[in-house]
Structures are given as C-alpha cells and as structure tokens.
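The residues making up each chain are set out below.
Protein chains: 2
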Amino acid sequence: MTKEQLFDQIKKKHSYLCVGLDTDLQKIPVHLRDLEDPIFEFNRQIIDATADLCVAYKPNIAFYEALGPKGWISLEKTLNYIPKDIFTIADAKRGDIGNTSELYARAFFENLNFDSITVAPYMGEDSVKPFLLKADKWVILLALTSNPGSADFQLLQTDDGTDDYSRCLFENVLSTSKSWATDEQLMYVVGATRPDFIQRVREIVPNHFLLVPGVGAQGGNLADISRLGMNQQCGLLVNSSRTIIYASNGTDFAEQARAAALLIQQEMAGYLSRYLG
Amino acid sequence: MTKEQLFDQIKKKHSYLCVGLDTDLQKIPVHLRDLEDPIFEFNRQIIDATADLCVAYKPNIAFYEALGPKGWISLEKTLNYIPKDIFTIADAKRGDIGNTSELYARAFFENLNFDSITVAPYMGEDSVKPFLLKADKWVILLALTSNPGSADFQLLQTDDGTDDYSRCLFENVLSTSKSWATDEQLMYVVGATRPDFIQRVREIVPNHFLLVPGVGAQGGNLADISRLGMNQQCGLLVNSSRTIIYASNGTDFAEQARAAALLIQQEMAGYLSRYLG
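Protein sequence lines correspond, in order, to chains H and F.
Under my numbering, the residue at position 10 of the first sequence is numbered 10, and the numbers go up by one with no gaps.
Under my numbering, the residue at position 95 of the second sequence is numbered 95, and the numbers go up by one with no gaps.
Excised from the complex, chain H in its bound form (with noise of 0.2 Å):
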C-alpha cells in the first residue's frame, strides 16, 4: 500500500485507528474455544465488527507463533480475511543480518502478503536494508517503545558521531535510518506513554507516519498524541488492542469491540477535522 493510499483511507474513515489483533487462546471468549479455530473465528468476528472503523490491523506475531504450526495457519486466514484496502502490519519486531533478514522478509512480504512489519534497530541498516527492497512494503522502525525497559537504553544520552550528546539513543536512530529509506517505505513506532517525546521526535521526521501502541491499556492520551503528532497527512496510526478485542468476553464480544473502536474513532474525527480542516 503507498502512503497516499493509507491517507486516503484515513480521511474517507475519519480514523487513524489501528486494531491490534493481540489474539490469545486464553482470552477469548469461552464459546468460541470449541471451534476447530478459534483464533481465526474470534478475529473474523472483530474484523466484521470494527472494518469501517479502522485503518489498520495488527496482528502481534508472538500470540500466533505460540501456537506452533496451526498458529500459522490462523495468522495466515486472518491476513487473508482483511479488506484488501486496509494496511496490514506484522508486530514482529525482527532484525537480523542481511541473509537472515532477506528470510524473514520473505515469510512476511511474500508467504504472508503483509503491507508492513515492525523491525528492531539494533544491528543496524544492513538488518533493515532487506526488508525494503519491494515496492509498497513499509519497515515500521522501533524508537522509542512503550514498555519501562524503554529507559534502559533508548533513552541514554549518546553521540551522534560529532561529539553531540544532547540526544537520546531514540533520537540518533531517528536521525540515522530517516536515511535509509523514504517516508513511502518507513515508519517509526513511538510510545504514546511519553506524549512530550513526540515534539522530539516530530522535530527529527516531521513526514513520516508514527505508529503509537499504548492508548488504552498502557495508558496512552489520544488528545496530546493528536495535538502533538499529527502532520498534512495524519502521520499517525494509534493502536488499541486489548481496549478493542477483550471489550467483552461474553457472546457480545463484536458488538462490544465495535463500540469501543466507535468511542476512540469518534475522538479521532474531531483530531483530524480540528488539525487538518
């Protein structure tokens, strides 16, 4: 998907929402578990149920791989069963050296037809590199998480190469990979428990989409992630998993995950008409 296809989606849904398919066995609810899949069966439900309310899917990789070899195959019928219009992201959070990096651009780009995956920066570009290499196939980088452990080493001062440590190792791996591809192919996770962050951050990539995790669950404002993150177009993709997904877990679980993606989308209309008229 090109950025101007997932902006166009965005001002036709008045949403920048993305819905994180964080699906897990012991979760759902208790009538679907007898089902040959249920995995596939609770996402085919919370797909049907919050498709015209969203932008995005995310399915976090870790839930499916789990389950071992039928994982993948719910992965592999949930990806499938989108709405071929909205971007697909696989929470994979890989990174490896080139060869194994091709790999793993292969089980996602080509066995799985996903629009993007989350990547870890810390081996470098040459572990990013293969997974730019198709058209249309966005790397979505890891800055500044949303987990405590973020202040671990993201948030260590660090050089730049010039004798600068005004900056945070977040910000340097900013500054250095915006280089290593076009705002068309790359995206930045940016943890929405650190809202004064974004300023920072938009000050190194005005242009390119953010992909927020923690609204919801982790804590997360929409109204100063909006205020402060928000470009010309959007620029934004705010995930809710569990908010969404796990809303209820009785027989009315769509319904619910329905009703709690309206409540978010609806905010969200008002942060596009107010930020981008």
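Derived by calculation from the structure, the hints in this document are not laboratory data.
A portion of the hints provided could be inaccurate.
The list treats identical chains as one, so a pair stands whether inside a single copy or across any two.
Unchecked claim - Derived pair list, reagent style SDA-like, types lysine to any residue, alpha-carbon separation capped at 20 Å: (1) 11 <-> 112; (2) 70 <-> 111; (3) 129 <-> 151; (4) 12 <-> 99.
With chain H fixed as given, assemble chain F onto it according to the hints.
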C-alpha cells in the same frame, strides 16, 4: 542445561563448537530436495555427522519461518533429533513488551524445548525478563554483532548514567543487563569480526559465556577469540554455519561437513589445552 553440564561437554569433547543450522532449500544438495521433508533430512545427516564434535546446535529460526507452517514442523523434528546432552540455541533475536515476550518464551521453551534463545536488547529489562523465568533456560543477549550495521548504534559513545561517555552502547548493554540474571542463565552474542573488542567485553563480563558468530564465512579469527575470550570455564561457544553445513553440495555433504567440523574442533582442542591446562 546448567552451566556446569555445558562445561562438562566442552571438556569431554575438547570442543566449544556450535554448528549453525541455517538450512536453506536453495543450498542443500539436489538429491535431497524431492524428499518429503528435505530440511529435516539434511539436518539429520548433519547432526549424525557432527554430534561428537560440537557442544551446541543453533537453528536460525528465519530459515524455518520462511517456509511457513511446514518449516515449524521441520524445526520441531530437528530439535527432537538433537542428542539431549547438546546445548540448543533458538537464534530468533526476539524481544517485545513483557506479555509478548512471555509468549515467545512459551513458543521456544515450552512448545519447542530449546535450552536458549537469542534476544535483542533495545526494549530493555522487561522485554528480556520473561525469558528468564525457567531454571536452566538461557537468554543469549545481543551485545556486539558481526555485521557491518553493528557500527550504526552498538558503537555509539553513550552515557552510562554517570556522565561518563567513554563507553560504547554495547558496553552499556553488558553492564546494565548483567544484573538481570546470573551467568547461569545469561550469555552474550559478541561478534568475532572485532577481536579487539573481546577484551573490553571480558572486562565487564569475565564469567559469562559468549556466543561468537562470524568464524568462517564472516571472517573471524578463532585464535584471537580463544586467546582473548576464554575464561576458566571456557566461556566460549564459537559458531560456524555455512563453512560446515555447505562444505559440499554433493552426496558427500555430510562427510565433508564432518571434515570441516573436525578441523575446527582440532584447533579448539589445542586452545583448550593451552589456556585451560
């Protein structure tokens, strides 16, 4: 597996060789490709040919993941075939927020019974801790990798929190993470293409095992690594993948793999004798 059991194997086999199972359908001998599970058949013969010469096997998970669900089945069969006294490493380079890392730990330590997994440090402590919850299961944390991109971030001068900017990021990763677990559960990846850094690593983590990739195809030097990196319990696992498993692509591939592994093992026996006495 405990550290003591691993060291016992090293003494018994006079070897600290890890064989990397980077098994690629495009590279295995033609005569295997029509079998029902060529990947497993290749691995089985490599294991039969090298099990008395090495102390660890390291399947590179990308190579299996790229094959979809059937790749996971080949991986599981391979893991079950490896003799139980040989250390197993899931080279997966995972790492995510806590509840997600828990699921990756389930995938590699429960569904698959690996002894260890490689983990990327960028997301910090709570992304690593879920892999440390089971006794005798190991995290092998990326510190200094062997690819060109390691220079992008791992070698940035970084404040360690005390306004001391003399250390590189990889050194801060070592000094911070070594408190997360003992050397009975934590090892580090340290690339062999920079043997001068092995001394700096040993100043920070004198007792931990180091997994050293990059001997052979990536150009590392076994003599330097062994002289600079060996400690009183050996403390080294040196990996070789392509040099061994693709020593020949004919019907003699297993025999040639054994010959290549034997050369390395014999060199290692010399270093063990010299440095451990």
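Going through the hints against the structure:
In this homomeric assembly, residue 11 and residue 112 never come within 20 Å of each other (Cα to Cα): the closest approach is 27 Å inside a single copy and 45 Å across copies. When the C-alpha separation of residue 70 and residue 111 is checked against a cutoff of 20 Å, the pair qualifies both within a copy, at 15 Å, and between copies, at 12 Å. Taking the shortest alpha-carbon separations for residue 129 and residue 151, only the inter-copy value of 15 Å comes in at or below 20 Å, while the best intra-copy value is 26 Å. With identical chains, the CA atoms of residue 12 and residue 99 are never at most 20 Å apart, being 40 Å at best within one copy and 34 Å at best between copies.
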